[in-house]
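Novice: Chain by chain, the residues:
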Amino acid sequence: MDDATRDERVAGRGRSRRRLTILALAIGAALVVVIAAVLAGEEGIGTPYSTIDPASGAADDIQGLYRLIFYMAAIVFIGVQALIVYTALKFRRRSNVTERPPQVHGNRTLEIAWTIIPALILLVILIPTIQVMYETDAEAQEGDIVIDVYGKQWWWEIHYQGMAADGGPLVTANELVLPVGREVQFRLHSNNVIHSFWVPQLAGKMDVMPGHINELSFTPREPGDYYGECAEFCGVSHAWMRFEIDVVEEDQFDAWVQAWNTPPTFDGDPSTTDVAEVPTVFGQCILCHSVNGTNAMAAQEGLSANPLGLGAGPNLTLFGCRDIVAAGLLVNTPENLYTWLDRPGEVKEGNYMSSVIKDDTLTPEQINELVAYLSSLQPEGGCPEDGGAPLGTPVAVGGGA
Amino acid sequence: MASVARPQTQGVGTGQAVVSPARATKTAVLWSWLTTVDHKRIGLLYGVTAFIYLMVGGLEAMIMRAQLARPENALVGQEAYNQLFTMHGTTMIFLAIMPLSSAFFNYLIPLQIGARDVAFPRLNAFSFWTFAAGGLILNLSWLSGEAPNQGWYGYAPLTNALYSPNRNVDFWALGLQILGVASLAASFNFLVTILNMRAPGMTLFRMPIFCWGTLITSVLIVLAFPAITVALILLSMDRFAGTHFYIPSTLNAAGELVFTGGDPLLWQHLFWVFGHPEVYILILPAFAIVSEIIPVFARKPLFGYAVMAYAIAAIAFLGFGVWVHHMFTTGLGPTPNAVFSATTMLIAIPTGVKIFNWIGTMWGGQLRFTTPMLFAVGLVSQFTIGGISGVMHASPPVDTQHNDSYFVVAHFHYVLFGGSIFALLAGIYYWFPKFTGKMLDEGIGKIHFWVTFAAFNLTFFPMHFLGLEGMPRRYSSYGGGSGWGFWNVIVSSGGFLLGASFLIFMWNVAKSLQNGKPAGDDPWDGATLEWSISSPPPVYNFREIPIVNHRDQLWADKYGTGHGQSHADEETLDVKIAGQTIGTGEVPDEDPAEEARNRLAAGDQHDIHLPNPSIYPLIAASGLFFTAMGLIFSWPRVPVGTIELPFLTLGGVVVLLVGIYGWSLEPAS
Numbered sequence: 002m003d004d005a006t007r008d009e010r011v012a013g014r015g016r017s018r019r020r021l022t023i024l025a026l027a028i029g030a031a032l033v034v035v036i037a038a039v040l041a042g043e044e045g046i047g048t049p050y051s052t053i054d055p056a057s058g059a060a061d062d063i064q065g066l067y068r069l070i071f072y073m074a075a076i077v078f079i080g081v082q083a084l085i086v087y088t089a090l091k092f093r094r095r096s097n098v099t100e101r102p103p104q105v106h107g108n109r110t111l112e113i114a115w116t117i118i119p120a121l122i123l124l125v126i127l128i129p130t131i132q133v134m135y136e137t138d139a140e141a142q143e144g145d146i147v148i149d150v151y152g153k154q155w156w157w158e159i160h161y162q163g164m165a166a167d168g169g170p171l172v173t174a175n176e177l178v179l180p181v182g183r184e185v186q187f188r189l190h191s192n193n194v195i196h197s198f199w200v201p202q203l204a205g206k207m208d209v210m211p212g213h214i215n216e217l218s219f220t221p222r223e224p225g226d227y228y229g230e231c232a233e234f235c236g237v238s239h240a241w242m243r244f245e246i247d248v249v250e251e252d253q254f255d256a257w258v259q260a261w262n263t264p265p266t267f268d269g270d271p272s273t274t275d276v277a278e279v280p281t282v283f284g285q286c287i288l289c290h291s292v293n294g295t296n297a298m299a300a301q302e303g304l305s306a307n308p309l310g311l312g313a314g315p316n317l318t319l320f321g322c323r324d325i326v327a328a329g330l331l332v333n334t335p336e337n338l339y340t341w342l343d344r345p346g347e348v349k350e351g352n353y354m355s356s357v358i359k360d361d362t363l364t365p366e367q368i369n370e371l372v373a374y375l376s377s378l379q380p381e382g383g384c385p386e387d388g389g390a391p392l393g394t395p396v397a398v399g400g401g402a
Numbered sequence: 003m004a005s006v007a008r009p010q011t012q013g014v015g016t017g018q019a020v021v022s023p024a025r026a027t028k029t030a031v032l033w034s035w036l037t038t039v040d041h042k043r044i045g046l047l048y049g050v051t052a053f054i055y056l057m058v059g060g061l062e063a064m065i066m067r068a069q070l071a072r073p074e075n076a077l078v079g080q081e082a083y084n085q086l087f088t089m090h091g092t093t094m095i096f097l098a099i100m101p102l103s104s105a106f107f108n109y110l111i112p113l114q115i116g117a118r119d120v121a122f123p124r125l126n127a128f129s130f131w132t133f134a135a136g137g138l139i140l141n142l143s144w145l146s147g148e149a150p151n152q153g154w155y156g157y158a159p160l161t162n163a164l165y166s167p168n169r170n171v172d173f174w175a176l177g178l179q180i181l182g183v184a185s186l187a188a189s190f191n192f193l194v195t196i197l198n199m200r201a202p203g204m205t206l207f208r209m210p211i212f213c214w215g216t217l218i219t220s221v222l223i224v225l226a227f228p229a230i231t232v233a234l235i236l237l238s239m240d241r242f243a244g245t246h247f248y249i250p251s252t253l254n255a256a257g258e259l260v261f262t263g264g265d266p267l268l269w270q271h272l273f274w275v276f277g278h279p280e281v282y283i284l285i286l287p288a289f290a291i292v293s294e295i296i297p298v299f300a301r302k303p304l305f306g307y308a309v310m311a312y313a314i315a316a317i318a319f320l321g322f323g324v325w326v327h328h329m330f331t332t333g334l335g336p337t338p339n340a341v342f343s344a345t346t347m348l349i350a351i352p353t354g355v356k357i358f359n360w361i362g363t364m365w366g367g368q369l370r371f372t373t374p375m376l377f378a379v380g381l382v383s384q385f386t387i388g389g390i391s392g393v394m395h396a397s398p399p400v401d402t403q404h405n406d407s408y409f410v411v412a413h414f415h416y417v418l419f420g421g422s423i424f425a426l427l428a429g430i431y432y433w434f435p436k437f438t439g440k441m442l443d444e445g446i447g448k449i450h451f452w453v454t455f456a457a458f459n460l461t462f463f464p465m466h467f468l469g470l471e472g473m474p475r476r477y478s479s480y481g482g483g484s485g486w487g488f489w490n491v492i493v494s495s496g497g498f499l500l501g502a503s504f505l506i507f508m509w510n511v512a513k514s515l516q517n518g519k520p521a522g523d524d525p526w527d528g529a530t531l532e533w534s535i536s537s538p539p540p541v542y543n544f545r546e547i548p549i550v551n552h553r554d555q556l557w558a559d560k561y562g563t564g565h566g567q568s569h570a571d572e573e574t575l576d577v578k579i580a581g582q583t584i585g586t587g588e589v590p591d592e593d594p595a596e597e598a599r600n601r602l603a604a605g606d607q608h609d610i611h612l613p614n615p616s617i618y619p620l621i622a623a624s625g626l627f628f629t630a631m632g633l634i635f636s637w638p639r640v641p642v643g644t645i646e647l648p649f650l651t652l653g654g655v656v657v658l659l660v661g662i663y664g665w666s667l668e669p670a671s
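Taken in sequence, the protein lines are chains V and H. Using our numbering, you'd call the opening residue of the first sequence number 2 and step up by one each time. Using our numbering, you'd call the opening residue of the second sequence number 3 and step up by one each time.
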């Protein structure tokens, strides 16, 4: 091949390559813009666990900081990638060059510059970071409503401080109802393994550490359904340790508390309660589950409960008004409840109820009785309006939602 | 070059166990590999074993991706999934990336510093066999269905016998403990080798930058592994002896809850004091490989060599002061979090310097985009993404939204795949000709790179979105209502493509081993000493120990030193008093090369002598294996008087002692 033809071919290849390069860069740039918009949370993604659709002041603070850091990061990202691409294209070896390039060993000015400039960028991030941290920490020390949360394997025990009729805690599980605009302080406890309490739209996560009490607070800004999840691996069913927060207007919240405090009354003498409607088989359940106002009040609660969950299951008061079963794994429908009571070990591996209820432990008739009883656990005037829209979904073994 | 040794022309060295392949029986070949103390063979053993584990870890990842490809999937159960993610992390970190780095250390360090072997060749063999034992223990757990299931970070108190009564955690704790022995032995070996066995004239600042990476990584291992060793001993005591280091309350014999004074935070501190330097143990060798490759394919020396070496050291030093950023959500309070946030951001500075210096190396060069160069530049680009996302969750409030979510999974895969694996693949393409004498196919190599690059981003970039959508790590499944289905399908398909990309690589290796282009001594126009000898190198490496006068010695030999800017900053020193430069002087003439020449002139010459092969390292390592297996299974228990002795464990200790005893009495060469 003579030199002239080769040069032409090389030049031709150069032109088409340049066109390709420009096209690739344009596509790349468009992608970057789209990705940036999503990442920065400018476009609300609207999924239930979204970290970038904040709905409380605490989550707003984090989002503000995240955006600042994101835009800094985006500038650095685009700058560095552009520099790499430019360098790679510009300094490709030409086939006709034999001379070695200048043997540059370094450049002190440049090296000092690219040490100091990143340091300054980091300072811009660090200062507001520290401000937000101390503010968040100060806010976590207080709240209008104080809620103790006990992380269990694999569900959440919720104690509203001082909200029971007797001035003690109102105890429920996996579902919280909160009034809008009131600051809520959560105190997080565990007597078993580590969990992490996370409602992405309302606050950053906080670990639930055995032997420590961590605090977290936020003020929900608008009514709605918010979804929480365990974010620290806590054993075999970690993925199914969800919870829900229904944020409602103040009067709805008061009605909800009221409903909790007026369940079927129980005067302390089992023989006088309305046990006729309680299936006999429920006698097995009361070792672990309490129902306020009935004689089922033996379950262990709080920190002193058995760490392995024996004798310490969720409080089932007003179960007929609950949205979810099995810590958010299932929607509370009779069909799902049947599945859950029939095969708890298959629905949610490793849960402690499955060491009691095995295959054939309960007959279909007994399960149906239990489903009917649990669904009937509602206050006389019907369930309080909490606006809850459950996220639970049928699992492979389950029935329809 | 002057010679410090007179090699024999025939039957090199004394007591060589190298059997000519033509005449060797299969048994003899096997025996020669089992007893080898040759750093090159040990390097290959590390490389092949680690690559197999890389494939195992990759398969585990692909099963997980199949499970997560759609919501509410029941392909694998929750327990199986938990075992998969635990073993995927543990395998990739301890059985794939670390030993792959170790393969390069082993093969290259003696070649790059002009030595005939490492300082302690039998200890080197012991390191490999101990690593093999640790890997075996971890993976034997699959056979009893008790693979570790508590996460690679094994947070207490989930690891306590109360919550993990089966052997899963024991396989993990003892497997890691034994892998730690292997890593420590290897690191001491490389420290001594690099500090003591450099060729005459090779000052620390004339070492190839890869040697700096190895040196500092070894320091990191030596300082970081004791923390995990202690942590694992305390964990094993909690499990075997009923102590309560990590558990604040437990059940007593009567089934009552009692408070013990233990603290799960103790585990987290000990683990991350090890665990964060471990991240740098995984990435610094990658940086060092890339720092070797980019200059060669830019035909320019490394930009800011001294700063690059200092940056490695600075990253390593600061790496010990950032561990709490793994614990920002544990409730330590704003002050510790603020301090560790600042140190974490600080570490971004030397890391950024490295990125810019690599670009500086490319700038003004004549870039040849061979496969090794593509992977190396791929690291510069992709690691940057991981570095930037790392700075994002260095801010504790932001971290409360990112920690334990897929955002973090995306972050560290950009660091460990876009960083470590890209560099290790670059290193394989670059040094394969030296290892085998054959070139890897460049055409297939380029396809391999672009498929890997695309699949890698398809797999890991959308994980950022999943993290922002609040998907936590270590979830065996998720409901359809979560909104995570879309990106999970994309991630899974990327994951399968990424898995397939390794088939392209294996095809390339197989094809090139069969009929690859002969490499010759120096196919890439290399700058370092390994390219001055044949490919593959002879068992004794260098007929004559080279004398080193320059940093890029081979380039100096080939091209002289008069090109472009001179080695001014090497040959002269700024003379400073109280920070004021008062002049520039010649480097004081204490050149070790000069000393060597003088020694030679004085008749200080000796033959090549190489260490004897030895079976004792393998025996000692197998002793560790039996000891650990005995502890895991507590079997067989032999009653002696009133106590039951774990017989296999005692037997293992005896084997270990026999190995060490035989080793110490065996003549070294």
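Since the hints were derived computationally from the structure, they do not count as laboratory data. Hints may be right or wrong, so weigh each one.
To be verified - The following label-pair restraints were derived from C-beta to C-beta distances:
#: 1; chain 1: V; residue 1: Leu26; chain 2: H; residue 2: Ala502; range: 44 to 52 Å
#: 2; chain 1: H; residue 1: Trp144; chain 2: V; residue 2: Asp61; range: 33 to 41 Å
#: 3; chain 1: V; residue 1: Thr263; chain 2: H; residue 2: Ile65; range: 14 to 22 Å
#: 4; chain 1: H; residue 1: Ile65; chain 2: V; residue 2: Gly47; range: 26 to 34 Å
#: 5; chain 1: V; residue 1: Ser305; chain 2: H; residue 2: Gly664; range: 55 to 63 Å
#: 6; chain 1: H; residue 1: Pro228; chain 2: V; residue 2: Asp167; range: 53 to 61 Å
#: 7; chain 1: V; residue 1: Thr22; chain 2: H; residue 2: Glu444; range: 17 to 25 Å
#: 8; chain 1: H; residue 1: Leu253; chain 2: V; residue 2: Met298; range: 40 to 48 Å
#: 9; chain 1: H; residue 1: Met57; chain 2: V; residue 2: Glu302; range: 32 to 40 Å
#: 10; chain 1: V; residue 1: Pro129; chain 2: H; residue 2: Gly335; range: 12 to 20 Å
Claimed, not checked - Chain H stretches covered by chain V per the calculated footprint, using a threshold of three residues with CB under 8 Å from any CB of chain V:
#: 11; segment: 304 to 318
#: 12; segment: 476 to 484
Here the structure is a predicted model, which means the values were calculated and not measured. All C-beta atoms, glycine included, are put in the ideal place defined by N, C-alpha and C.
Novice: Each hint should be assessed against the structure and marked as holding or not.
Specialist: We went through each hint and held it up to the structure:
| no. | hint | verdict |
| --- | --- | --- |
| 1 | V:Leu26 - H:Ala502: 44 to 52 Å | violated (28 Å) |
| 2 | H:Trp144 - V:Asp61: 33 to 41 Å | violated (47 Å) |
| 3 | V:Thr263 - H:Ile65: 14 to 22 Å | violated (52 Å) |
| 4 | H:Ile65 - V:Gly47: 26 to 34 Å | holds (31 Å) |
| 5 | V:Ser305 - H:Gly664: 55 to 63 Å | holds (58 Å) |
| 6 | H:Pro228 - V:Asp167: 53 to 61 Å | holds (55 Å) |
| 7 | V:Thr22 - H:Glu444: 17 to 25 Å | holds (21 Å) |
| 8 | H:Leu253 - V:Met298: 40 to 48 Å | violated (23 Å) |
| 9 | H:Met57 - V:Glu302: 32 to 40 Å | violated (50 Å) |
| 10 | V:Pro129 - H:Gly335: 12 to 20 Å | holds (19 Å) |
| 11 | 304 to 318 | holds (count 5) |
| 12 | 476 to 484 | holds (count 9) |
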